[in-house]
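**Student:** With chain A's structure known, arrange chain B with the ligands on it following the hints.
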Amino acid sequence: MTSPNPSPALSRGAGEIYDATIIGAGAMGATTALHLARSGMKVLLIDRGEICREASGVNAGTLTLHMTRAALIPHAMRGRELWLDAPKWLGMDVGARSAPGLSLAFTPAEREMLEKRAEARAAMGAPIRLITPAEARAVEPRLNDGVLAAAFCELDGHVTAYLTGRAYRRALTAAGVTIRENLPVSAINRDGAHYDITAASPDNRAPEHLRTRRLVLAGGVWLQSMLGWLGFDVPVKCLINQLVVTERMRPVMRSVVGIANGLLSLKQFENGTVLIGGGWQGIGDPVRGGVEAIPENLVGNVRLARHAIPALGETRIARIWLGLESETADALPMIGPLPGMENAFVIGCVHSGYTSAPCMGWLLSQTILGHEPELPLFDPARLMAAPAAQRPEETP
Amino acid sequence: MKTALEPATLPAPADLIVIGAGPAGAEAAMSAAAQGLRVLLLDEAVAAGGQVYRAPHAGDKKSASSPEAVAGNDLRARLEASTVECHFGETVWSVSPGFRVDSLSAQGTRSWHGRALITATGASERVVPFPGWTLPGVIGLAGATILLKSQGILPGRRTLIAGCGPLLLAVAAGILAAGGEVAAVADLSPRSDWLRKFPRLASRPDLLLRGAGWLASLKRTGVPVFSAHTLKEVVRDGDQLVATLQPVDGARRPVTGPEPHFAVDAVTVGHGLVPGTDVTRLLRARHHYDFAQGGWAPDLDGNFRTNLPGLYAVGDGTGIAGAATASLNGQLAGLAAARDLGALADTVHEQLAARLEQQAAKAGRFGRAMAELMALRPAQVAAISPETVVCRCEDVTRAEIDSAIEDGARTVNQLKSWTRCGMGPCQGRMCGDVATALMAQATGEAPVAPFTGRTPFRPLPISQFAGDCDYGDIKLPPPAPL
Ligand SMILES: Cc1cc2nc3c(=O)[nH]c(=O)nc-3n(C[C@H](O)[C@H](O)[C@H](O)COP(=O)(O)OP(=O)(O)OC[C@H]3O[C@@H](n4cnc5c(N)ncnc54)[C@H](O)[C@@H]3O)c2cc1C
Ligand SMILES: Cc1cc2nc3c(=O)[nH]c(=O)nc-3n(C[C@H](O)[C@H](O)[C@H](O)COP(=O)(O)OP(=O)(O)OC[C@H]3O[C@@H](n4cnc5c(N)ncnc54)[C@H](O)[C@@H]3O)c2cc1C
Chain A
85 MTSPNPSPAL
95 SRGAGEIYDA
105 TIIGAGAMGA
115 TTALHLARSG
125 MKVLLIDRGE
135 ICREASGVNA
145 GTLTLHMTRA
155 ALIPHAMRGR
165 ELWLDAPKWL
175 GMDVGARSAP
185 GLSLAFTPAE
195 REMLEKRAEA
205 RAAMGAPIRL
215 ITPAEARAVE
225 PRLNDGVLAA
235 AFCELDGHVT
245 AYLTGRAYRR
255 ALTAAGVTIR
265 ENLPVSAINR
275 DGAHYDITAA
285 SPDNRAPEHL
295 RTRRLVLAGG
305 VWLQSMLGWL
315 GFDVPVKCLI
325 NQLVVTERMR
335 PVMRSVVGIA
345 NGLLSLKQFE
355 NGTVLIGGGW
365 QGIGDPVRGG
375 VEAIPENLVG
385 NVRLARHAIP
395 ALGETRIARI
405 WLGLESETAD
415 ALPMIGPLPG
425 MENAFVIGCV
435 HSGYTSAPCM
445 GWLLSQTILG
455 HEPELPLFDP
465 ARLMAAPAAQ
475 RPEETP
Chain B
3 MKTALEPATL
13 PAPADLIVIG
23 AGPAGAEAAM
33 SAAAQGLRVL
43 LLDEAVAAGG
53 QVYRAPHAGD
63 KKSASSPEAV
73 AGNDLRARLE
83 ASTVECHFGE
93 TVWSVSPGFR
103 VDSLSAQGTR
113 SWHGRALITA
123 TGASERVVPF
133 PGWTLPGVIG
143 LAGATILLKS
153 QGILPGRRTL
163 IAGCGPLLLA
173 VAAGILAAGG
183 EVAAVADLSP
193 RSDWLRKFPR
203 LASRPDLLLR
213 GAGWLASLKR
223 TGVPVFSAHT
233 LKEVVRDGDQ
243 LVATLQPVDG
253 ARRPVTGPEP
263 HFAVDAVTVG
273 HGLVPGTDVT
283 RLLRARHHYD
293 FAQGGWAPDL
303 DGNFRTNLPG
313 LYAVGDGTGI
323 AGAATASLNG
333 QLAGLAAARD
343 LGALADTVHE
353 QLAARLEQQA
363 AKAGRFGRAM
373 AELMALRPAQ
383 VAAISPETVV
393 CRCEDVTRAE
403 IDSAIEDGAR
413 TVNQLKSWTR
423 CGMGPCQGRM
433 CGDVATALMA
443 QATGEAPVAP
453 FTGRTPFRPL
463 PISQFAGDCD
473 YGDIKLPPPA
483 PL
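Chains A and B, in that order, give the protein sequences.
Sequential numbering from 85 applies to the first sequence in the numbering used here.
Sequential numbering from 3 applies to the second sequence in the numbering used here.
Excised from the complex, chain A in its bound form (with noise of 0.2 Å):
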């Protein structure tokens, strides 16, 4: 696929070649870099922000299974084993803790959900049962009577997202990659054997080109405008997710409580905050990041919560954030090859991604290096049309 007429501002670049290119240093990015760079690539990691401080570094931190899509459960438990494991392959202990986790019901029509859906979890590996009220509370003493009926899962946990960074930063740097921060892309060309990417220079002044020979695009819910960048046109859905965290408070929960229906995400970190969420809505697109919460769905969230754990009455909410998550149509991922685009890959759109992106960027990576990944991927061109062939260069 070499461009006929490489226009002149395009191979002035700065001379040097990447051997592969990330772009997006969210979790999903930052995993495939450091893994091709391991393996002896050159390579460069380029985000419009700082590392890991989109999704990857704002989330709950949650490793439950209890809300992970059925068909990427075995890829959440490799996920949960390898954030567990990162002081050994990561180098840094990001907070990841192993706790067992409850779904829990208050309704009947809660239990009938509830069983449903621990079923079809099961059924794809993940260790969930069901169990009594009084085992609930066996687990989990300062539970609401209330509860009707649980499912239980052994592989829970949690990690201090806001970490993710700090972590990555360093092993990335030890691995040689190049990072460039607060570089936003605006366009990736074609470049004879090469992609040519355009970037705004720091200091407002003409654009950076950057040349590679591979190129993957790991933007998040900005995986839209990214993929427009070479002519697909795939719908990414933003989700804005409100969350919530607490004052430190005496130990009052030591699982992830979590609802049937997925509303509430629960758990209390050893610095005796407790973090609260469960995809309620805020306000906000990928253009303008997080706008604002909407307070009634904080007050909805906020009241699950207490529902759950009465004793959370005693504590003050500290502070309230928005994250942008990304879907597909099919609210499945796009995880591979980007279709009559050699050497071109995309990752991202992974529902309860965080748990799973030391997986799905490792396997990414085996990959892009020509091995066959361990667990299957999830081919973006189900989403899409083959671009009509990327838009000829102006001529002058």
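No lab work stands behind these hints, which were simulated from the structure alone.
Some clues are possibly wrong.
[Claimed, not checked] Straight-line alpha carbon distances no greater than 20 Å define the calculated SDA-like cross-link-like pairs of lysine to any residue that follow:
1) B:221 / A:194
2) B:477 / A:371
3) B:477 / A:195
4) A:321 / B:480
5) A:321 / A:391
6) B:221 / A:371
7) A:321 / B:479
8) A:200 / B:409
9) B:477 / A:321
10) B:477 / A:193
11) A:321 / B:409
12) A:172 / B:484
13) A:200 / A:231
14) B:477 / A:228
15) A:200 / B:481
16) B:477 / A:365
17) B:477 / A:231
18) B:477 / A:391
19) B:477 / A:191
20) A:321 / B:481
21) B:477 / A:380
22) A:172 / B:477
[Claimed, not checked] Over the 10 Å line for every Cβ pair with chain A, so calculated as not near, a few chain B residues:
23) 48
24) 98
25) 242
26) 293
27) 384
28) 410
29) 464
30) 477
31) 482
Idealized CB from N, CA, C, for every residue including glycine.
**Tutor:** For chain B with the ligands alone, kept in the frame of chain A given last:
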């Protein structure tokens, strides 16, 4: 995609909402209401007055006759007689464009709607960390004025006072008047700095006289005053605190010299005020860094308009300039909002504003001279030792901050994530400007942008926030897909 649930019943929107009933906000509310606007005034305190004109505690005869109490009582009486709808005990925790203001009180959460918004939330105190600043018995200078004023409480029997700015003398005089003992006053500023400010301070002879009175009362009681001295450290010794002073040069850099120490049971220390920009930062208004006025402050035009339509800011939250300036500018901001909302003709506005503007300019000269004495000097920040705790909520030391910067943190938000500096209950109000200054010094890139504004502005008790409700009352959006 929004899954906004039905908001609680919406009261009719007001013309103008004012947050903060200190001199700036209360005057703004009254001057706008006088033009016929429907104005809501919200404050978390139980009465109007703010920091300076705070209502004195019942039965305190002495401070009831102070100039602040007189001005405060006058402010409260005028507010009472105005058409401003006051709501006290309402802690504002969120503001949305358009404008929606959310508050929490003992009665639960409430939302207020207004066509325009004036934020007048005042300032908070800065303490540049030193070893021992987190010990019990060490309190802020501004905090001490509140104890003295609203509760008539002495910080201790024998107190050492340190830091900079006019509150040094005010607190010393307040303690003496209340029958306490002052071990010494350590002023970070060299005497020459005060003298250099003299011409501008002379613009307010009344306040200057009061300052002279305070100084005289210190002389009378033989309290030693150390100019150009910093509080080097405080250590606990049995049931006492031992405070050690150290001389500084003109840049406030510690230098070698005699290090007098004092055994006391309380230390009050403060290094100036930082504008409270919670609301303007949350709404992502444009800000600038003004060293002399306390740090980051919203960009304003001559009519207190931020760059966001309908959003105004006034008082110490827009740069430290003192209570007199806050009152006058408050009146001006109220008039500007009234004009913009169509309640006041341009020509009338100009007439009304002209006289106030002159007075405000004069008061501003005094206030800004005071603020400059309290500005954060780079040498103060550079002198923080590695093992000193910078973020007291989360126990983060300077060494931990330096290590995160070494790992590549280049913004204070990143620093917060990597160290938890600023993540505690005060949400960076205490450590924010020192953390940004540390980063600016380490990276050589000044000024470093402040923490991103987020809600809630104050911690929210979950019992109040969630209120009483049954499970069935919780309105649930559709469940997540399997
Ligand atoms: C609030 C919230 C809570 C969540 N909770 C959980 C949970 O408990 N458990 C779980 O497993 N998952 C959770 N998730 C999901 C998880 O966080 C995401 O699936 C995962 O972090 C996505 O990683 P990513 O690398 O694909 O995207 P991101 O981390 O968003 O990274 C994308 C990167 O691309 C960069 N970028 C965008 N445009 C450009 C450009 N033009 N040029 C250069 N760079 C660009 C961005 O700056 C960003 O850093 C949650 C998500 C959110 C938002
Ligand atoms: C602790 C302290 C003590 C001070 N003592 C003195 C002194 O003794 N003498 C002196 O000359 N100067 C003093 N100052 C300086 C003084 O604050 C200002 O010069 C003056 O008060 C500025 O007026 P203002 O209206 O801008 O703010 P303020 O008087 O501070 O008024 C702000 C008001 O906003 C309210 N508020 C803030 N946030 C919220 C919220 N989220 N929800 C609801 N209400 C809110 C506060 O309760 C307060 O009533 C002090 C400052 C501080 C911080």
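**Student:** Taking the hints in turn, state whether each one holds.
**Tutor:** Hint check results:
no.: 1; hint: B:221 / A:194; result: 75 Å, violated
no.: 2; hint: B:477 / A:371; result: 29 Å, violated
no.: 3; hint: B:477 / A:195; result: 18 Å, holds
no.: 4; hint: A:321 / B:480; result: 16 Å, holds
no.: 5; hint: A:321 / A:391; result: 31 Å, violated
no.: 6; hint: B:221 / A:371; result: 62 Å, violated
no.: 7; hint: A:321 / B:479; result: 17 Å, holds
no.: 8; hint: A:200 / B:409; result: 46 Å, violated
no.: 9; hint: B:477 / A:321; result: 24 Å, violated
no.: 10; hint: B:477 / A:193; result: 15 Å, holds
no.: 11; hint: A:321 / B:409; result: 34 Å, violated
no.: 12; hint: A:172 / B:484; result: 33 Å, violated
no.: 13; hint: A:200 / A:231; result: 17 Å, holds
no.: 14; hint: B:477 / A:228; result: 19 Å, holds
no.: 15; hint: A:200 / B:481; result: 14 Å, holds
no.: 16; hint: B:477 / A:365; result: 13 Å, holds
no.: 17; hint: B:477 / A:231; result: 18 Å, holds
no.: 18; hint: B:477 / A:391; result: 13 Å, holds
no.: 19; hint: B:477 / A:191; result: 14 Å, holds
no.: 20; hint: A:321 / B:481; result: 17 Å, holds
no.: 21; hint: B:477 / A:380; result: 9 Å, holds
no.: 22; hint: A:172 / B:477; result: 44 Å, violated
no.: 23; hint: 48; result: 20 Å, holds
no.: 24; hint: 98; result: 5 Å, violated
no.: 25; hint: 242; result: 30 Å, holds
no.: 26; hint: 293; result: 24 Å, holds
no.: 27; hint: 384; result: 25 Å, holds
no.: 28; hint: 410; result: 5 Å, violated
no.: 29; hint: 464; result: 5 Å, violated
no.: 30; hint: 477; result: 6 Å, violated
no.: 31; hint: 482; result: 3 Å, violated
Checked against the numbered hints above, the structure breaks hints 1, 2, 5, 6, 8, 9, 11, 12, 22, 24, 28, 29, 30, 31 and satisfies the rest.
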